[in-house]
Every structure is written in structure tokens, then in C-alpha cells.
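Can you build the whole structure from these sequences, using the hints too?
Residue numbering for the sequence shown follows our numbering, beginning at 8 and increasing consecutively.
These are calculated hints, taken from the structure and not from any lab test. The hints are all genuine.
Label-pair ranges, simulated between beta-carbon atoms:
id: 1; residue 1: Lys10; residue 2: Pro109; range: 54 to 64 Å
id: 2; residue 1: Leu69; residue 2: Pro105; range: 25 to 35 Å
id: 3; residue 1: Gly83; residue 2: Asp31; range: 20 to 30 Å
id: 4; residue 1: Gly18; residue 2: Arg38; range: 27 to 37 Å
id: 5; residue 1: Thr113; residue 2: Glu68; range: 44 to 54 Å
id: 6; residue 1: Glu71; residue 2: Lys34; range: 17 to 27 Å
id: 7; residue 1: Ala108; residue 2: Arg66; range: 38 to 48 Å
id: 8; residue 1: Pro105; residue 2: Arg23; range: 41 to 51 Å
id: 9; residue 1: Ala60; residue 2: Asp31; range: 10 to 20 Å
id: 10; residue 1: Lys9; residue 2: His97; range: 20 to 30 Å
id: 11; residue 1: Pro104; residue 2: Phe48; range: 26 to 36 Å
Calculated pairs, DSS-like style, for lysine-lysine (alpha carbon to alpha carbon, straight line, at most 30 Å):
id: 12; residue 1: Lys34; residue 2: Lys10
id: 13; residue 1: Lys37; residue 2: Lys9
id: 14; residue 1: Lys75; residue 2: Lys37
id: 15; residue 1: Lys9; residue 2: Lys19
Computed from a predicted model, the values in this text were never measured in an experiment. Think of the CB as a built atom: it goes at the ideal place given N, C-alpha and C, for glycine as much as any other residue.
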Amino acid sequence: MKKIFPLKVPGKVDQRVVETVKGDVRKYVKRERRKTLPEGFSQWNFNCATGPARDTATRCELAELGRKIDEAANSGAAEIYVEILAAPGHRTPPAAPPPAAPLPPTSP
8 MKKIFPLKVP GKVDQRVVET VKGDVRKYVK RERRKTLPEG FSQWNFNCAT
58 GPARDTATRC ELAELGRKID EAANSGAAEI YVEILAAPGH RTPPAAPPPA
108 APLPPTSP
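And the structure:
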């Protein structure tokens, strides 16, 4: 998805417009996650960018996208460019906890 969303729409409350933009982003991510993964991959990774225009968009994490949209709306921007590109990837296993130290021998 590469799209410019308006943040100011005549006749609509600005906060509702922002919530609609965030809803569209969530809907797109959900739809992309439902797609069948290519053989050998375990998850979809999302490369995101956002900014006031396509030329000035900066990379960000998917989890930061909502906060970036809010920041743009609070700064008074009239529109925001959102780019989300899905790419197949591999899950990284969580870090294993360190092994427990063996108990000292007990004397009978």
C-alpha cells in the first residue's frame, strides 16, 4: 500500500478522520497477513514508511505507525503519506533463558 491519506476533510471531525486512516491501515495489514506464505517462510514482515509527502517519508516499524499518524494530525498536517510493503520472512525464536545453576550436593 502506497497512499496519501487526507487528515482534514470538510464537514468531518478531524479525530474521526484520523481513526478512519488508522482503521484502513489495520484492515490492510490484516488482509496481507491472511495471504498464503511462500514455501519456506513463516511470517509476513512489513516495511513501513510515513511522512508528509512521499519524498520525505521516513522508515518506521509497524507498531509505530499509529503514533506517527497521530503526530502528523496533531502537528496540523493536511495529509499523510503511508507506505506498507509486505515481505515474507522468518520468525526468530525468543531468547532462551539462561540454564539454571546445578544444585549443590546435599550431605546425608
